[in-house]
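So for the sequence shown, our numbering puts the first residue at -18; every next one is plus one.
Worth flagging that the hints you see were computed from the coordinates, not collected in a lab.
Think of the CB as a built atom: it goes at the ideal place given N, C-alpha and C, for glycine as much as any other residue.
Be a bit skeptical, because a hint or two may be false.
[What the hints assert, rightly or not] Straight-line Cα separation of at most 25 Å, BS3-like style, residue types lysine-lysine; simulated pairs: (1) Lys208 x Lys66; (2) Lys357 x Lys542; (3) Lys116 x Lys74; (4) Lys886 x Lys554; (5) Lys1051 x Lys1092; (6) Lys904 x Lys713; (7) Lys193 x Lys260; (8) Lys66 x Lys33; (9) Lys1009 x Lys921; (10) Lys909 x Lys921; (11) Lys542 x Lys638; (12) Lys1029 x Lys1092; (13) Lys555 x Lys567; (14) Lys512 x Lys474; (15) Lys463 x Lys474; (16) Lys193 x Lys177; (17) Lys46 x Lys177; (18) Lys177 x Lys241; (19) Lys208 x Lys904; (20) Lys886 x Lys921; (21) Lys241 x Lys193; (22) Lys66 x Lys36; (23) Lys116 x Lys104; (24) Lys1059 x Lys1049; (25) Lys224 x Lys241; (26) Lys1009 x Lys(-9); (27) Lys454 x Lys512; (28) Lys208 x Lys177.
[What the hints assert, rightly or not] Now the in silico label distances, taken between C-beta atoms and shown as ranges: (29) Asp558 x Phe585: 20 to 26 Å; (30) Val657 x Arg1001: 44 to 50 Å; (31) Arg712 x Arg993: 49 to 55 Å; (32) Ser10 x Asn467: 18 to 24 Å; (33) Arg1001 x Leu190: 21 to 27 Å; (34) Thr258 x His217: 30 to 36 Å.
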Amino acid sequence: MPPQNPDWVKALKPSGPQGSELLAQERASSDINVDQLSTFLFTKEVLERNDKILKILQADPVFDKEQNYFRGRTDRLEAALARGKALRRLSVKHNWNEEEHHAANDLISEPTPYGLHATMFLKTLEEQGTPAQHKLFLERARNYEIIGCYAQTELGHGSNVRGLETTATWNHEDKTFTIHSPHLTASKWWIGSLGKAANHAVVVAQLILNGKPYGPHPFVVPIRDMKTHEPLPDIHVGDIGPKFGYNTMDNGFLLFNNVKIPHVNMLNRFSGVDPETGKYIRPSNPALIYGTLTFIRSSIVFQSGSVLARGVTIATRYCAVRRQFQDRDADASETGENQVLNYTMVQHRLLPLLASSYALFFTGRAMINLYNANQKRMAQRRDAGDANRKPGPEELSPGSDHLADLHAISCSLKAFASTTAAEGLEVCRRACGGHGYSAFSGIGSWYADYLPTVTWEGDNYMLTQQVARYLLKSARAVIAGKAPDNGISRIFKEFIRRQDIGAAFDVLDSDQDLVDAFAWRVSFLTFEALKHRDEEKQSWNSLLIDFWRLSTAYAQYQVVKNFHEALQDEATKKSLDPNTLAIMHKLFELFALHNLQSSASEFFTSAATTVRQIQLARTKRTLSLLDEIRPHAVRLVDAWSFPDWQLDSALGRYDGKVYEDLFHRASEVNPVNDIVFDPYPESDVLFRKNGSGPKAKLGWYNVPIYGFRNYGPSGGHSESSDVIGALRYIRKHKDTKDTVISLLARHMGGSIDFFAMGKHPDGFRDIRATVFLSQPEQPKLDDMSYWHASVHPARNDLATHWWNVRDVFDVILARAKEGSGSVERLEDETDICTFSVILMRLCRRDDMAILTGNSPPNIFYATSSFRPQTKSSTPRSSTSSWINCRKMTTDRQPEIILYDLACIKNICFSPVVWKIRLMLNYKGIPYKTIFLEFPDIEPKLKELSGSARYTVPTIHHVPTGKYIMNSPTIAEFLESTYPNPPLPLSSELGREIETRARSAVGPAFRISVTPRENLILSPRAQEYFRAKNESRMGCKLEDLMDPEKEEKTWQAVADKMSELSDLMLTNKDKGPFLLGEKPSYTDFFIAASLQSARTIDEEIFQRCAAYPGFKAIYEACIPWMEKKN
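Take these sequences, add in the hints, and give me the full structure.
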C-alpha cells in the first residue's frame, strides 16, 4: 500500500483563493437556473433514476474507481469483466429496463466485455431475425445464456462491406451453410466482445449459392463451447492485443476453417435461402437490412453531445479554478493572478465547444426520434416495395420511404458529431495545460476510449461519399421534376429559385437567417459538385475532397436547424425561464457563427453572406458572445449533471478541490510509491521493495564466509561469530540491507551454522531457507560432538528453537530411505545454484524463498561428493558457507493458498473467511485466493487434503504442504508460524463480546443475511445453499424476508446492540481497536461480520454501522480489507 501523507503534508493547503471559493463565486455570478435546465434536458424522472442507480453502483466495491488509472491492460480487462457481470446481476436484481441498464453503463464510463453483446448483437438479432430465430437466439441472448458480438469488419476490409472475404456457402444436400475464411485478410478483426467474452457471433459473410455471390448477409455462428468456453473445432479466435484506448474491451480476431451451421442460423427476416429449392429470397425492401448500422450511427450522434460535454465540464471548472499571471490591464491594487477562464484565448477554445455540446445534444435527440419513426414506418411496410431493387440504401430512388433521408442524415451526422466530439476532447485536454496530460484529469482516457468512434461503423471520411451520392441524386431528381416532397428537395428548390439574385442572409441579427444561410451553402456545394460530375465528367476520386466538404456542410446544416428548432419549440419556452432561454439562444448563435467562420470562404463564395458580415462576426459579434456567455459557463456545465464519481477527474470536481485531489491521487493512491528503486547501474537489482507487482523475479548476491578457525578447540562455539558477523554486514550494507536471505552451508560450515542458530536464534528469524551440504567421508567428521554421522542430534537441538525443523528433517530422511529422495551425484564443475535447484525439486518446493520473513528457516539436509568451485581458492579443510541475498524485484510468491467461497460478485463475502483474510493482510503474508462454489468445496478439498471434514476457509501452507481448515485452527497456525506483527487471538473482553454477539445479534443477522446471501450465488450454488438451509430452518428462504418481521427482529436486539457497541469502546482512549492501539482477532471478527453484511446488502451494514462501536472498529480495520482479493 502506498505510504500515507505525514500530518505536516496533510495540513498544507493550496495558495491563494481556494478552488471551492472560486467555483462558488462563479455560480453566484450567474442567474442560470441549473435545476430547471437539467430537468429540461433530461426530465426529473431520469435525473432521479440516475441518482438512485449511482448510489447502488457506489455501494458495490466492484465498481470502485480508485485504481482505474493505475491498472495494466490485463488487470483492467479483469476488472471490466467483473463490473460487466455485476452490472448484469444488478439489472436482474433491480429489474432495470434497457434505458436504466445503459444509464448505469454511462455512470461507470468504461467499456465492458459485454458492450457489443448488449448493443449490436441484440439489436441485430431483434431487427433481422424472424420470430422463430428470436426464440432460438434472442431470448437466450437477452438472458445472457449466450454471449454474442457483431463480426463484420475484417483484417482486409472495413468500410467496404461489399468487399468482405468471409464466405457462407449453401450446401443443399444437408441444408447447411459453410462459413469459411479463404485468406488471412478474411480474419474478422476489431470485433468487440469477441476476443474472450463471446460464445456466439453474428458473422457478416458473402452468401454463395451455386457458385454465385449474393452479397453480405448475417449468420449466427457458435464460436466457443458452451461449457468449457474453449474455441470450437476449426475456429481460431482470440484478442487482438493492446490498443490506443478502449483497453477494457476484448476486441478480437476470428477465422473459420469450413465450419458448418444449420439453415436456421442465417438471419432471414428480410432475405434468405429457400431450404427446399436453394433459391435466394430477395428482401422486399433491402434498406431494412441496414437497420442495425443506422441505429448504431444514430446512437453515436445521440451520445456525442454528452461525450463532449464531459470534457467541457472538466476543462471549464478547472480553468475557473486555475490562476496564472496577472491581468496586464488590471488596477494596480489587484495583485492576484487571473483565472485562466478569463483569457479570451481560452474562451475562444472552450465556449464554442460548450455551445457544440448543447447543439449535438438536441441533434442527437432529433436523430433518435427520426430513426424510431422510420423504423416504425418501415416495419409496417416491410412487405411492400420493389423486389427488383439492388441491395444498398444508396441505390434507392431518392427519398423513397424516407430511408434515403435517414441514411444520409445518419452518415453525415455520425461523421460530423463524432469528429467534433473527439477533436473537442483534445482541445479540452490541452486547455487544462500540463495537468491535462495527467491521467487524473479524466480527459485522456475518455478521449482514448472515444477516439475509435470516428472510424468504426463507417470511417468518417468514407461515409461522406454516401452522403454526397444521396445529395447528387436528390439534386438530379429536383432538376428532373421528380423529387419527393422532403426537406432536402425543398431547400434545393429554394436555391434554384433564388440563385440568380443571390441571398446575403442577415446572419448577425436573425437566427432563422443563420439557418437559411447554412441550407444555402449545402445547395450551392451540391450543385457545384453536380456540375463537376455530370457536365465536366470529373472522376469520382478527384471529387472526394469536395464531397467531404459537402457532407460536412450538410451535417452542420442539420445541427444548426435542430438546435434552432429545439429553442423555438413551445415546450422549451415553457420549460426555461427567460434568462436561461436567452443564454441558450446565445449558445446557438455562437455555435452557428463559429462554424460559419471556420468555413467562411464557402459562405461568401456561395453568396450566403458578404465578406463584411464575416468580418463583423469574427471581430465583433463572436467576441461579444464569448463575453456574454463567460459568467454562465460553470452553471451551464453544471446543468449536465455529471456526478464526480462518473467524471473520475481531479480537475473537474464539482467542489473545485483540484490540487488536493491531484496530490492525494499521486501521493496516497499511487501504488508506484510503494516501490523503492535500486538506482545504481552496477547493481542487478531493480526494485529494493515492491508492494504491488506481479510474480517474483529474483536477483541475488552470493556472500562467501570462510571460517578458517574451522572446528578448533572451541568445539564450534566461537566460530559462530563468523556467520553472525556476516549477517550483520548484510543487513547494513546499502546493496543488501533489504534483501531476502537464505543460507547455503557446505563442509563443516553446517556445524557452525547449527551452533550459531542455537546460540543466537534471533539472528536467524528472518532467514527464508537454509541448505546444508556435507561430505560424510571428510576426516574428523565424527569428532564433532554435535554432528556425529547423522543429522538427528542437530535436529533435536534446533527443534527447541524452531518447531518445523523436525518435520522437515523427517521428510527428507524418509524419502532418502525409500530411494525417492536421494540427492543426485554431481560433477565438480556444477555450481551452487544448480545444486540448490535439485534440492528444491527433491523437497517439492518452487523456490528457496518461500517462507515469510517472520518464520523460522526451513532446513534441508543432503549428502554428496559435491565440492563447489569458486573464484576464490578455499582450503579444502576450511569451513565455508554462502549467504544468498535475494532481491525481490516484484511481489513475493504466495506462501498461503486461501480457499474462499465463490459468489457472483467475485469478491469475498463469507465472514469466517474475512477473519482469516484480514489476518493475512495484517501480517503481510503473501497469498492468493481460490474461490470455490458450495457444491465444489467437498470434492475439491477432499482431492487436495484427504481430510475427513471439508469447509472454508481452508489454507494450503505452501512451504510445508499442509492443509488447515476451520478458522480458529487457521488463526492459531498463522499466529505461531508468523508471530510478527503479533495478533492477540483471545482476551477476556474479546471473549465476552464474541459470545454476546453470537447469542444476541446472531439471530437478526441470520434472518437478514442468509436469504440475501442466496441472491449473490450462482444458480448451482443457490440450489445447494437453498436445500441445505431450508431443511435446517424448516422454511423457504423467501419467508425470512418479511419486512415487518425483519424489522421487529432488529428492534428486539437494538438494546443489546447498543450495549455491545459501548463494550467495544471500552478502550477508546487508548486507540481505535478493542484492546487499544493494536488490533486483535476479535476486531477482525467484528469487521468481518460487517464487511460480509456490506457485500450482501448495504442496508444491513448500515444498521450495524449506526452503532458507534461497530463503526469505529470496522473503519479501523479498513486498511487490511485488501481489494485485489
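Here is what the structure says about each hint:
Note on lysine 208 and lysine 66: the hinted pairing holds, with a Cα-Cα distance of about 17 Å set against a maximum of 25 Å. Annotation: proposed proximity of lysine 357 to lysine 542 holds, straight-line Cα distance about 24 Å (limit 25 Å). Between lysine 116 and lysine 74 the CA atoms are separated by roughly 23 Å; this keeps the pair inside 25 Å, and the hint holds. Distance check on the hinted pair: lysine 886 and lysine 554 sit about 47 Å apart at the alpha-carbon level, beyond 25 Å; violated.
Pair hint lysine 1051 plus lysine 1092 holds up; C-alpha atoms about 17 Å apart against a cutoff of 25 Å. Between lysine 904 and lysine 713 the CA atoms are separated by roughly 24 Å; this keeps the pair inside 25 Å, and the hint holds. Restraint check: the Cα-Cα separation between lysine 193 and lysine 260 comes to about 11 Å, which is no more than 25 Å; the hinted pair holds. Annotation: proposed proximity of lysine 66 to lysine 33 holds, straight-line Cα distance about 20 Å (limit 25 Å).
For the hint pairing lysine 1009 with lysine 921, the CA-to-CA distance comes to about 19 Å; that is within 25 Å, so the pair holds. In summary, the hint linking lysine 909 to lysine 921 is supported, as the alpha carbons are separated by about 17 Å, within the 25 Å threshold. In summary, the hint linking lysine 542 to lysine 638 is not supported, as the alpha carbons are separated by about 39 Å, beyond the 25 Å threshold. In summary, the hint linking lysine 1029 to lysine 1092 is supported, as the alpha carbons are separated by about 22 Å, within the 25 Å threshold.
Distance restraint check for lysine 555 and lysine 567: the Cα-Cα separation of roughly 18 Å lies within the 25 Å cut-off, and the hinted pair is therefore satisfied. Between lysine 512 and lysine 474 the CA atoms are separated by roughly 16 Å; this keeps the pair inside 25 Å, and the hint holds. Only pairs whose Cα atoms come within 25 Å are accepted, and lysine 463 paired with lysine 474 is accepted, the gap being roughly 12 Å. A distance of roughly 34 Å separates the Cα atoms of lysine 193 and lysine 177; the hinted pair therefore is violated under the 25 Å criterion.
For the suggested pair lysine 46 and lysine 177, the alpha carbons sit about 23 Å apart, so the restraint of at most 25 Å is met. Restraint check for lysine 177 and lysine 241: the C-alpha separation of about 22 Å stays at or below 25 Å, so the hint holds. Of the pairs offered as hints, the one joining lysine 208 and lysine 904 is violated, with about 39 Å between alpha carbons and a cut-off of 25 Å exceeded. For the given pair, lysine 886 sits about 21 Å from lysine 921 by alpha-carbon distance, which is consistent with the 25 Å threshold.
Of the pairs offered as hints, the one joining lysine 241 and lysine 193 holds, with about 19 Å between alpha carbons and a cut-off of 25 Å not exceeded. Between lysine 66 and lysine 36 the alpha-carbon distance is near 18 Å, which keeps this suggested pair within the 25 Å criterion. A C-alpha spacing of about 14 Å is found between lysine 116 and lysine 104, which places the hinted pair at or below 25 Å, so the restraint holds. Of the pairs offered as hints, the one joining lysine 1059 and lysine 1049 holds, with about 12 Å between alpha carbons and a cut-off of 25 Å not exceeded.
About 32 Å separates the Cα atoms of lysine 224 and lysine 241, which puts this hinted pair outside 25 Å; it is violated. Under the criterion of a C-alpha separation no larger than 25 Å, the hint pairing lysine 1009 with lysine -9 is inconsistent with the structure, at around 52 Å. For a cut-off of 25 Å, the pair hint linking lysine 454 to lysine 512 stands: about 13 Å separates their Cα positions. Our distance criterion of 25 Å between C-alpha atoms is met by lysine 208 and lysine 177, whose separation comes to about 14 Å.
Checking the proposed 20 to 26 Å range against aspartate 558 and phenylalanine 585 shows it is violated: the Cβ atoms sit about 38 Å from each other. Distance hint for valine 657 and arginine 1001: a CB-CB separation of about 46 Å, consistent with the stated range 44 to 50 Å. A C-beta distance of roughly 52 Å is found between arginine 712 and arginine 993, which places it inside the suggested range of 49 to 55 Å. The given range of 18 to 24 Å is broken by serine 10 and asparagine 467, whose C-beta atoms sit roughly 46 Å from each other.
Between arginine 1001 and leucine 190 the C-beta distance comes to about 45 Å, which lies outside the given range of 21 to 27 Å. At roughly 34 Å, the beta carbons of threonine 258 and histidine 217 sit within the given window of 30 to 36 Å.
When the structure is compared with the earlier hints, violations turn up for hints 4, 11, 16, 19, 25, 26, 29, 32, 33 and for no others.
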